[in-house]
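Student: Generate coordinates for the entire structure from the input sequences, incorporating the hints supplied.
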Amino acid sequence: ARAGRRRLIGGFGPPDPNPAPAGPVEEPVYEIDPESGEQTMTTRVSIKIPGSRPIPPVVLRGQAPLPSRDAPHWTTADGSAGPYAYQTQQEHEAAEGGFPAHASNDAPGDGASAGHLDGVEEPHPDAPPAPARPKRRKPKALIACAAGVAVLGGVYGASLAYAGGGVPRGSSVLGVNIGGQSRDEAVRTLEQKLGDRTTKPIVLTLGDKKVELEPAVAGLLLDARATVSEASKGGLNPAVTVPAMLGKKRETAPRTVVDAVKLAAALEALATEAGGAQTDGGISFAGGKATAIEPHQGQVLDTPAAVELVEAAFLHGNGPVALPMKTSQAKVAQAEVDRAMREFAVPAMSGPVTLTAGGKSLKLTPATLAKYLTMVPDGGGRLQPKIDVNGLQEELGQTFSSVGDKPKDATFKVEGKPVAGAKVSVVPSVPGKGVSGATAADALLGVLAKSGNNRTAKVSLGPIEPELTTEAANKLGVTEVMSTYTTNYPYAAYRLTNIHRAADLIDGSVIKPGDTWSLNKTVGERTAENGFAKGTIINNGRFQTDFGGGVSQVATTTFNAVFFSGLKDVMHRPHSFWIDRYPAGREATVAWPSLDLKFQNDSGKTVYLDASYTDSTVTVTLLGTRRFDDVKAEPGGKYDIVKPKSVNDKSAGCVEQAASDGFKIDVTRVFVKDGKEAGREKFHTKYDPADKITCDRTGGAEGEGQGGTPTGGSTPGGGVPARGSDD
1 ARAGRRRLIG GFGPPDPNPA PAGPVEEPVY EIDPESGEQT MTTRVSIKIP
51 GSRPIPPVVL RGQAPLPSRD APHWTTADGS AGPYAYQTQQ EHEAAEGGFP
101 AHASNDAPGD GASAGHLDGV EEPHPDAPPA PARPKRRKPK ALIACAAGVA
151 VLGGVYGASL AYAGGGVPRG SSVLGVNIGG QSRDEAVRTL EQKLGDRTTK
201 PIVLTLGDKK VELEPAVAGL LLDARATVSE ASKGGLNPAV TVPAMLGKKR
251 ETAPRTVVDA VKLAAALEAL ATEAGGAQTD GGISFAGGKA TAIEPHQGQV
301 LDTPAAVELV EAAFLHGNGP VALPMKTSQA KVAQAEVDRA MREFAVPAMS
351 GPVTLTAGGK SLKLTPATLA KYLTMVPDGG GRLQPKIDVN GLQEELGQTF
401 SSVGDKPKDA TFKVEGKPVA GAKVSVVPSV PGKGVSGATA ADALLGVLAK
451 SGNNRTAKVS LGPIEPELTT EAANKLGVTE VMSTYTTNYP YAAYRLTNIH
501 RAADLIDGSV IKPGDTWSLN KTVGERTAEN GFAKGTIINN GRFQTDFGGG
551 VSQVATTTFN AVFFSGLKDV MHRPHSFWID RYPAGREATV AWPSLDLKFQ
601 NDSGKTVYLD ASYTDSTVTV TLLGTRRFDD VKAEPGGKYD IVKPKSVNDK
651 SAGCVEQAAS DGFKIDVTRV FVKDGKEAGR EKFHTKYDPA DKITCDRTGG
701 AEGEGQGGTP TGGSTPGGGV PARGSDD
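Per the numbering used here, numbering of the sequence shown is gapless, rising by one per residue and ending at 727.
Check the hints yourself; a few may be wrong.
Quick list of in silico lysine-lysine cross-link-like pairs, DSS-like style, CA-CA up to 25 Å [what the hints assert, rightly or not]:
hint : residue 1 : residue 2
1    : K210      : K262
2    : K458      : K433
3    : K632      : K423
4    : K682      : K638
5    : K638      : K521
6    : K371      : K289
7    : K423      : K408
8    : K363      : K210
9    : K413      : K512
10   : K521      : K534
11   : K475      : K408
12   : K386      : K363
13   : K433      : K386
14   : K413      : K605
15   : K632      : K676
16   : K534      : K692
17   : K423      : K413
18   : K598      : K512
19   : K650      : K534
The calculated label-pair distances, taken between Cβ atoms and stated as ranges, are [said to hold, decoys possible]:
hint : residue 1 : residue 2 : range
20   : K363      : E308      : 57 to 65 Å
21   : K458      : V376      : 25 to 33 Å
22   : E634      : V427      : 35 to 43 Å
23   : K363      : G524      : 23 to 31 Å
24   : P431      : T272      : 40 to 48 Å
25   : V389      : T470      : 18 to 26 Å
26   : K210      : V300      : 13 to 21 Å
Hints are computed from structural coordinates only; laboratory data are not their basis.
A virtual CB, placed ideally from N, CA and C, is assigned to each residue, including glycine.
Tutor: In structure tokens form, the structure reads like this:
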């Protein structure tokens, strides 16, 4: 009824012929000014028009006594004319029981203007005067509400003060309290308190076996900082701070760093050690006899599931973790093992096989064949024979070395004179053709399943790659001459053989950055089988005859090349007495296996050793990248001289020797870089006197000394070797 009696003033269209039951919601408030007696009314109106969005509340204000009906005076809260009003005072009083006007939903009427409130009529002449209204009072509910908000605000503020600026109080990780601490303090607390847990082995069970997993090895780590960050979340949230103030505890799960790949590998390794894997069918050739290996299914680790379980158990230590296993079938069945034994394995071990090429032959017994022959699964459930090509190549040895054409390694050519700093270029390698491990393996596989006289295989010649190819040489980064040194020697047949052989063996040595080169390791034992002849050596201060005489000439030449290259001297030993064709205090001797010459490549770049010779000289050149502009030798004078004795020797095998003084000498290596001295290294050497030996027959040969007695620098000390040093 009320909605039907009211009209809408501004821009909302004609009245709804079927008004909705829901109308405006109004809340009138009246006030009387105690001085002027004027009445003031404030009305809050919320209007809902059916089928449209709700209209926001509008506050209407008016004054009493009411003026004439033609004078609009109802205003909104901001003082502007409001859009809704009763048409007359009588309508207002009839609708509101004597209270002032309210908003209207009626269509605009005469005298109304859009966007403004109509005036209201004057009171009826017979109407009693409006009663004075008491001054408005604040409702108790509002006061109670404000008080409640204040209390809640106080509680929240107190909780923030209690929580502090770091980790909320009451926070813990695995029972370790970190509440109220700064983040850095909390990180340190966790690292200290949980340190044992992070290193304690995790106990695992694989079936009925127990194993232990080291967390660090498995890539399991505590991320203390991430854990503290998680525990600090919600530090300003009253849902967190208030319960904490009231004593409620808050547990945060630790955050961890897990290397899943590393963890999976560690678990699989433990599972393998614990056994239980399936056994594939196969064949063994141990001892030159074919033996079948029966297949068996097994239990293997379910790796993804195991990784999840161990991750969850890390740091919690709740007893052994049972790792999940799954059944694994053998890849090769018994039927395939039986077939391979019958068709290949048994015939292969039935007798020797002979390889032939270029008029040369080599017989391989079943025991020898067994070292290089295996049968492996092909991925399709079958066993296929396989030969170790590299091992077979070693077995061939030098048997077929003269057959075909030998390959030539890539080398380096010095541009201009071979002096320090001279540039070098690569001389390309040349492939060879002959018997290789690969061609011999192909020939073997063609006859192993045969028997009787059909077990002879002709090996075809195939390509043989050089040890140092052109491509590999270019990648070494060798750019210049680091140093070169040449020594002279008097003719002796054994010297030619041994010096040339040793030089050939060390030529082409590639020393990578940080590696240590050894002459004994490179040359090997001086024996007839290794290409050496007997010659003069020094043993217990006297010349004797044995294999390897002359190799010390190569050792001394190499040592001097190392000296002037600036590379690090690791081990060298001077002769026991001085031989005057070598520079005093700057020479070296060797003997298998007690005395060695070693140096380290500390240049940071690859070093290539080039050795060459004539019938009277031997030269060693080191190629690479120089660290120093120059390396100089400053020899000191001889001191503490000791005179030799004379000995008359009539024993068999006596070798005469000339006398020479014993003495001490110091040689300093001076490093120069950018025109300035960059360092010094002192080498101290003590030489024993060489006694004059006279015997019934002359020996006519000079020898190289047994190790002398160095007392300083980089020449290590040591006892007298069991045998003499090589001449």
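Student: Each hint should be assessed against the structure and marked as holding or not.
Tutor: Hints, one by one, checked against the model:
1. For the suggested pair K210 and K262, the alpha carbons sit about 20 Å apart, so the restraint of at most 25 Å is met.
2. Among the hinted pairs, K458 with K433 is consistent with the structure: their alpha-carbon atoms are about 16 Å apart, no more than 25 Å.
3. Proposed proximity of K632 and K423 is supported: the alpha carbons are some 21 Å apart, at most 25 Å.
4. A distance of roughly 15 Å separates the Cα atoms of K682 and K638; the hinted pair therefore holds under the 25 Å criterion.
5. With a C-alpha separation of about 34 Å, the suggested pairing of K638 with K521 is violated against the 25 Å cut-off.
6. At most 25 Å may separate the alpha-carbon atoms for a hinted pair to count; K371 and K289 meet this at roughly 11 Å.
7. About 22 Å separates the Cα atoms of K423 and K408, which keeps this hinted pair within 25 Å; it holds.
8. Annotation: proposed proximity of K363 to K210 is violated, straight-line Cα distance about 51 Å (limit 25 Å).
9. In summary, the hint linking K413 to K512 is supported, as the alpha carbons are separated by about 20 Å, within the 25 Å threshold.
10. For the hint linking K521 to K534, the alpha-carbon distance of about 20 Å falls within 25 Å, and the restraint holds.
11. The straight-line distance between the Cα atoms of K475 and K408 is roughly 18 Å, inside the 25 Å bound, and the hint therefore holds.
12. Simply put, K386 and K363 have alpha-carbon atoms about 19 Å apart, close enough for the 25 Å limit, and the pair holds.
13. Taking the CA atoms of K433 and K386, the gap is about 24 Å. The hint holds against a cut of 25 Å.
14. Taking the CA atoms of K413 and K605, the gap is near 18 Å; set against the 25 Å cutoff, the hint holds.
15. Among the hinted pairs, K632 with K676 is consistent with the structure: their alpha-carbon atoms are about 12 Å apart, no more than 25 Å.
16. Under the criterion of a C-alpha separation no larger than 25 Å, the hint pairing K534 with K692 is consistent with the structure, at around 23 Å.
17. Of the pairs offered as hints, the one joining K423 and K413 holds, with about 9 Å between alpha carbons and a cut-off of 25 Å not exceeded.
18. The suggested pairing of K598 with K512 holds, with an alpha-carbon distance near 14 Å, which does not exceed 25 Å.
19. Restraint check for K650 and K534: satisfied, since their Cα atoms lie roughly 22 Å apart, inside the 25 Å limit.
20. In this structure the hint that K363 and E308 lie 57 to 65 Å apart at CB holds, the actual value being about 59 Å.
21. Hint check: K458 to V376, Cβ distance near 26 Å, so the stated range 25 to 33 Å holds.
22. For the pair E634 and V427, the beta carbons lie near 37 Å from each other, so the given range of 35 to 43 Å is met.
23. In this structure the hint that K363 and G524 lie 23 to 31 Å apart at CB holds, the actual value being about 26 Å.
24. Under the hint 40 to 48 Å, the C-beta atoms of P431 and T272, about 42 Å apart, fit the expected range.
25. As the Cβ distance of V389 to T470 is approximately 23 Å, the hint placing it in 18 to 26 Å holds.
26. Here the CB-CB span from K210 to V300 is close to 18 Å, well matched to the stated 13 to 21 Å.
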